[in-house]
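Numbered per the numbering used here, the sequence shown spans residues 190 to 353.
Keep in mind the hints are simulated off the structure, nothing from the lab. You may find that some hints are simply not true.
Ranges of calculated distance between the beta carbons of each label pair, as one might list FRET restraints [claimed, not checked]:
1) 308 to 285: 31 to 41 angstroms
2) 232 to 282: 13 to 23 angstroms
3) 191 to 282: 33 to 43 angstroms
4) 302 to 235: 30 to 40 angstroms
5) 267 to 216: 32 to 42 angstroms
6) 282 to 219: 13 to 23 angstroms
7) 227 to 326: 27 to 37 angstroms
8) 292 to 321: 16 to 26 angstroms
9) 285 to 235: 14 to 24 angstroms
10) 288 to 267: 17 to 27 angstroms
11) 211 to 232: 38 to 48 angstroms
12) 305 to 249: 28 to 38 angstroms
13) 268 to 214: 38 to 48 angstroms
14) 317 to 235: 33 to 43 angstroms
Yeah, the Cβ is synthetic: ideal placement off N, Cα and C, and Gly gets one too.
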Amino acid sequence: MVRVLGIDPGSRVTGFGVIETDGVRSRYLGSGCIRTTSGPFPERLGEIFSGLRAALEEWRPGEVAIEQVFVSRNASSALKLGQARGAAISAVVTLGLPVFEYTPAAVKQGLVGNGRAEKEQVQHMVRVILAMQGRMVLDESDALAIALCHAHSHATRRQIEGAQ
Numbered sequence: 190m191v192r193v194l195g196i197d198p199g200s201r202v203t204g205f206g207v208i209e210t211d212g213v214r215s216r217y218l219g220s221g222c223i224r225t226t227s228g229p230f231p232e233r234l235g236e237i238f239s240g241l242r243a244a245l246e247e248w249r250p251g252e253v254a255i256e257q258v259f260v261s262r263n264a265s266s267a268l269k270l271g272q273a274r275g276a277a278i279s280a281v282v283t284l285g286l287p288v289f290e291y292t293p294a295a296v297k298q299g300l301v302g303n304g305r306a307e308k309e310q311v312q313h314m315v316r317v318i319l320a321m322q323g324r325m326v327l328d329e330s331d332a333l334a335i336a337l338c339h340a341h342s343h344a345t346r347r348q349i350e351g352a353q
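Please take these sequences and the hints and turn them into a complete structure.
As structure tokens, then:
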């Protein structure tokens, strides 16, 4: 079993989710959100770095999966998201952990079967796959979806490599 931490980066809210998986079966371990203050942007990046560093030290994953930047019409928002993502990746690589990246469409396709699925559909599949009950915010379910996408696609890659 491998422990995977999924990250849904954001400049205001960064979600994270932790699963254990063998590539076929996955088990929910924990999830949460790092909510930054309304301070200056560089300080918020520091909060993302510190918050993820704490989550990484608590959960001790073997692998980390993160969502790639979604480029929207607003260039300023895309740049801030990219910087938040950079702070998150920096927290991971300072611990020597491997980082795997997935596009939002790949995550949706992998979990729902539709690369244009709505967030609520993704959240529903996360609940079904991980047999979860109770309340969960979208940032957490997105992070868990990224972890699940990695678990399934990485297991498939290992099988293909083993067959060659």
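Handout entry: Enumerated hints in conflict with the structure, sorted upward
Key = 3 and 7
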